[in-house]
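Number of protein chains: 2
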Amino acid sequence: MEADDDVPLILTCDEANSGLLGEDADRGDENGGGGNYDIVNNVVIPTPGPQNYRTQNVSLQQSWEMNYQEAAIYLQEGENNDKFFTHPRNPKALAAYLFAHNHLFYMMELLTGLLLMVLSLCEAPAVPSLRLDVYVHATLELLALVMVAFELCMKLRWLGFHTFIRHKRTMVKTCVLLLQFVEAIVVLIRQTSHLRVTRALRPIFLVDCRYCGAVRRNLRQIFQSLPPFIDILLLLLFFMVIFAILGFCLFSMNTADPYFTTLENSLVSLFVLLTTANFPDVMMPSYSKNRWSCVFFIVYLSIELYFVMNLLLAVVFDTFNDVEKTKFKSLLLHKRSAVDHAFQLLVSRQRPMGVSLKQFDGLMRFYRPRMSARDRFLTYKALNSSSASMLSLQDFYKFYEVIGLKWKARRIREHWFDDLPHTTFLIFKGINLIVKSKAFQYTMYAVVAINGVWILVETYSLNSGFSWSRFVPWSYIVFLTIYGVEVLLKVTGLGPTAYFSSGWNLFDFSVTVFAFLGLIALAFDMEPFYFIVVLRPFQLLRLFKIKRRYCNVLDTMFELFPRMASLGLTLIIFYYSFAIVGMEFFADVVYPNCCNTSTVADSYRLTNVTIGNKTVLEEGYYYLNNFNNILSSFVTLFELTVVNNWYITMEGVTSMTTHWSRLYFMTFYIVTMVVMTIIVAFILDAFVFRMNYSRKNRDVVENPEDENGIVFEVEVSRDEALTTLELYKQTCPGSFSINSLQKVLQDMDRSGHTSLVYLGRRSRTKSDLSMKMYVEEIQEWYAEFTEENLPQPDQILEQNLDSLVPEPLPS
Amino acid sequence: MEADDDVPLILTCDEANSGLLGEDADRGDENGGGGNYDIVNNVVIPTPGPQNYRTQNVSLQQSWEMNYQEAAIYLQEGENNDKFFTHPRNPKALAAYLFAHNHLFYMMELLTGLLLMVLSLCEAPAVPSLRLDVYVHATLELLALVMVAFELCMKLRWLGFHTFIRHKRTMVKTCVLLLQFVEAIVVLIRQTSHLRVTRALRPIFLVDCRYCGAVRRNLRQIFQSLPPFIDILLLLLFFMVIFAILGFCLFSMNTADPYFTTLENSLVSLFVLLTTANFPDVMMPSYSKNRWSCVFFIVYLSIELYFVMNLLLAVVFDTFNDVEKTKFKSLLLHKRSAVDHAFQLLVSRQRPMGVSLKQFDGLMRFYRPRMSARDRFLTYKALNSSSASMLSLQDFYKFYEVIGLKWKARRIREHWFDDLPHTTFLIFKGINLIVKSKAFQYTMYAVVAINGVWILVETYSLNSGFSWSRFVPWSYIVFLTIYGVEVLLKVTGLGPTAYFSSGWNLFDFSVTVFAFLGLIALAFDMEPFYFIVVLRPFQLLRLFKIKRRYCNVLDTMFELFPRMASLGLTLIIFYYSFAIVGMEFFADVVYPNCCNTSTVADSYRLTNVTIGNKTVLEEGYYYLNNFNNILSSFVTLFELTVVNNWYITMEGVTSMTTHWSRLYFMTFYIVTMVVMTIIVAFILDAFVFRMNYSRKNRDVVENPEDENGIVFEVEVSRDEALTTLELYKQTCPGSFSINSLQKVLQDMDRSGHTSLVYLGRRSRTKSDLSMKMYVEEIQEWYAEFTEENLPQPDQILEQNLDSLVPEPLPS
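Note that the protein sequences, when read in sequence, are chains A and B. Once you know that position 559 of the first sequence is 559 in our numbering, the rest is easy, because the numbers rise by one and skip nothing. Once you know that position 344 of the second sequence is 344 in our numbering, the rest is easy, because the numbers rise by one and skip nothing.
Worth double-checking, as some hints may not be accurate.
Which bits of chain B does chain A cover? Going by a derived footprint, with three or more residues having C-beta under 8 Å, they are [stated by the list, open to error]:
1) 285-297
2) 548-554
With a Cα cut of at most 27 Å, we get these calculated DSSO-like pairs of lysine-lysine [unchecked claim]:
3) A:Lys-92 with A:Lys-335
4) B:Lys-766 with A:Lys-325
5) A:Lys-325 with B:Lys-398
6) B:Lys-772 with A:Lys-329
7) B:Lys-329 with A:Lys-772
8) B:Lys-545 with A:Lys-772
9) A:Lys-766 with B:Lys-325
10) A:Lys-168 with A:Lys-92
Chain A residues, not near chain B, derived (Cβ > 10 Å throughout) [as the list claims (entries may be wrong)]:
11) Ala-277
12) Gln-394
13) Val-491
Everything labelled a hint here was simulated from the structure, so no lab data went into it. Positions of the beta carbon are idealized from the N, C-alpha and C atoms, including for glycine.
Turn these sequences into a full structure, and let the hints guide you.
Printed below as a string of structure tokens:
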């Protein structure tokens, strides 16, 4: 397709250039997007320095390979939103970069991070069944820390000392690492744990690892929302102080009122009141004296709870909205800049305006080593919208949209059983028609509904209490049989692949399988698995398929799931830090019948009490909400998050320690408030966004099942396939992946078609939705971005081509 | 200015025409906006019927007057968003309309509505101090009902029987009225009150009155948000039922666990758990048996509380957004259509394209009878942007923007003391400079801050408790003196009018005055006013002026206030209905030491209890949360709204009545959840809208103080004023309001200028903001609207002029 002696426009292997390129990209990135065309200016003067790792007699082939690799790295950086100033600049850095950028390394990072966090299960206030000796867990910790240190060394080699120092996150990590090292060694020497609050910093190792990018993004978003949040928080606290003074002046004369005796008490009461956790109680003593005192509380709650707190949500929501858009913009421009960089590395000096298949394939071999030759070719075809012989820069900009596609030949057969003998075909066809009919669907809905009512009535009639042995009524078996038959019919009628490609079918299938497992568990008396039986009612969720809005809601729920999970993880990381601090200070401070000096003694009581003339066991249970080990701490912290009655835990702990403990609980409340507000803002934003989107694109929503992804169509003719196969045989003769291309030819031969249509699919991401929503703004951004980077790329390229220093062309 | 024998294009006084006009407008309004140009078609065939109230010899002057009046009515209908099908059609209707549309009548409506509601303070379970005998309050009620009936009769006369029947709200009101009548008479005859749950419908009379339009709008918005809300609510309840079955199966074997003994118990526990009111408690018995049971509760809360509840907010917020925009659109188009109608009535047959000052003035005399001649003239000038001799339809469309302006001559003098003698002038000038200096402002901020810290420290040191007698420390007097001096300086330096025109200054002033009053109260031992003294800390709010964001927040808060108040009123109306139902069923059911059979007996206990070997008074106080009279009911309902510990009240009442009582409490929870979600959505929407707005118009926010309103500028020359005066003297010679125009001339003479500039100001409303935000969409709406109403107004007018039936022109 093109001459074999094409010379790369840019010679990556040239250190000076590569370095400068990195510097440029960095500078460009700082002022809003990579300044990429300067590179071309810089390439003009290749200054071979001492670190120059390209020998003059490097072959043209090797030059290209190096360009491919660098372009692949740029595209990876674009994908991962790595800043270009961390781009590797010399062979050592490159080796370190490659070492530190593969799934094995990421896995190691993740595991060490997890190991360090999991250690707290076994350390000092350990979960009883998991307790380890000090020397065991301290050694494990040291081991993990050495691993982290090793990872940091690799990073240092890749980034170089200068960049390493400038990279804030890494520096913090290094400091924490040193501290932990020292502490671990101290623990090992003293053979006992000291007050190790710094363990609360351990999540840093987890957060820093590649797979936790989403958590890092969440944390960044939380920090970005903080300034306006804090402003409103101050307003909140200000009103609280004013009302505390008022409350103290108004109610401290009432000796029966324990809530306003001192200013501090008054403040704490109003803080708790803000969370409503003590509400009618805090009002009651004064209310019983004077009915008008309720005005104070009503005004306070109206201002603080119903106004300022909502204001907080509004401000966070607004910031969130804004940040989401800015983030989307900068990601988009970063990717565009990465594509620019890669494009410059892939074009040849002879044809600077386009990337040929050969170069593209070279890139892909580095970028996605496991991709088959067929898929590489199809990706190229998908990019090449104008069907020209080369990819233009405009084509290449679609790179990230196309790269995730899963390719499949368009099915020629309608059903999976089309090839079977006629009688069998008819049977299956029949089943297929039944399964697809409305009547069948609605019958199943009816069965599910009847099942639901049945379970309800059955459970309701078990007034005397529930016991497992009685709980295999015939209805269970009947309904299970019906569901089993339904699954079988559907699988045979639609074919397994079609059946399992729908989320709802998967759900049906797994619920049915679970019900079967439950039955087996009951039959074989496996008590710990009894709970599976009670999961049956989830079958009822199927009923929500009927109504449109629920489908939308549930779909959105599933779309949101990854993001929600990462938010949950963020919350858990905060929990972890607080749990460690809590354990260090409050382990074993509460126990049954403690806290007798506090107002909440009742909740901690475990004793026989005489009321009137009756004696009863009064069990307060709150001693269970303790910080005795990390699991208990997590449950306690969840209870504090839910906020109700949290002051009982606070007062209990406070009465057994000092009143400074309240600071811990109040800080925790405020931190969870921030995270929760962010979560609410996120859900709000996601749903409102989706609803706006579906309002804008009514047509798309009409077929939610069909259109729930991005689809590309590529037609491959026999000639094309042959030429490509030849090309591939030339470039990488021994490669196994060529088989996939040969299979394409075989498929064509077998079906007798001269061309095959391939469909590339992927699920739609929020980014795709944003692309559609902001379609006008995006053009503006691009325009700004190009303006900032001054002259048009094409012009510059042409200008510089003339002034390029002629390279010695190896034959 | 124009010939005196101008003939109105449309003759209102012609009944058939007027009737048709009304019908048309009605039809047009139903399909999205009034169809106004058909009117012109219909006028072609005046069909004098029996009700025709225009005698042939009616004078031209009278014709015009009638047109003015009808135009004024149209504009009023546009302003109040009254549908045009309620437009009066004949002289009787007109009389009734005029009778029913003035502030006296509105006031009467409001007062009867309020009287009926206030009656419940004195009826059966009455507030002790306000109890009235049965015959007294029943007679009062009958009286109020007769008033309502009278109002309804007036409405019937105005609307006509047919429209009256079709008007749903009025029909409901009539039915409720009849019911109340019957019940009131029954009460009067039996001399005792029966179970009068229907009193819960009384708010209808209040809601229906003119001044409660905002409440009606809120209610409509709530009902519009209901369908999606109910959908998600079902999802919520569905999950609740599934988890209730699960919970029953898992925990009912634990005899120590009172929360899951039966399916009903299980459902109630999970409903309460949704509100988090029983949180750690509901988990504790099972958690103490098996630590893993916390998973059940965590999963339940994560799904229901943190996901579905937020979804609810998202859906309501989205619907709210949508409804706000639709409402704005329909209001805008309704107003436009009203202006169209009015314009047609004001143009003369000779000059159908414009409204002259004379006609405009005629209109204004009906539309704003109390407006002075000067203001009428200035309004005309403000509308007349092209300075042509007549107002075009386009000019006239601005009617509603201009009508609310308050006119003032631009001040020629800079300070209020410019006219004083030189020495005095210098003194005041000095004060003015001091007061305006940054140094003075920041000194005052410092004083306020010091005062704040002082109060805090002082209150904190009062650890032994607070008592009034000790509470006039010297610091109070010192700071008060400083504030007093500040107020004096500012008033003298800026002049009273300038000083009091700023909201912040008003705030300062009132806080200072209150502090003085407090001091006087202390000095003269007026105990009930002591609370004024403790309001001092509110002075600290002034500190929030320093930071931009707070200014914005507080400004928005004040802007939102009317709307918030109406939402609060809506909530109170719901409260009222629930309070009546609660009083009818639960009055006097809880009392100290009641509810011994329930799990919450502790909270109702008022007894001596022996714990270990100590005897203490245990006071549960919850017997105070009762439905014994309407005020107690309101407080109880507020506590239920805040949700914390609401189940104690519920369980207490339930244990003394039947378990169906729970339905009342759960319904109330869901209703308040709807209203509260709407409130949150409203605050979110308002703030996000404002922030978006200020992001779009950075410049406006730069000068928030200056630009916080709409300003129109009109220059009046001496000649114009003279001509207008002449015109006015002709049209309404005896009118007192002409004086205002004469004063304009006097002002000109005194100042020696040949022209004066007048400024019209009004505060900016949400509608103004919306106008700016949706500026592009509005053009589209107008275009659609005009299209729907077919040919261009100008063309139609000209076409129809030719075919107009010639009217006999009285000389």
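- Report the numbers of all earlier hints that the structure fails to satisfy, in ascending order. 5, 8 and 11
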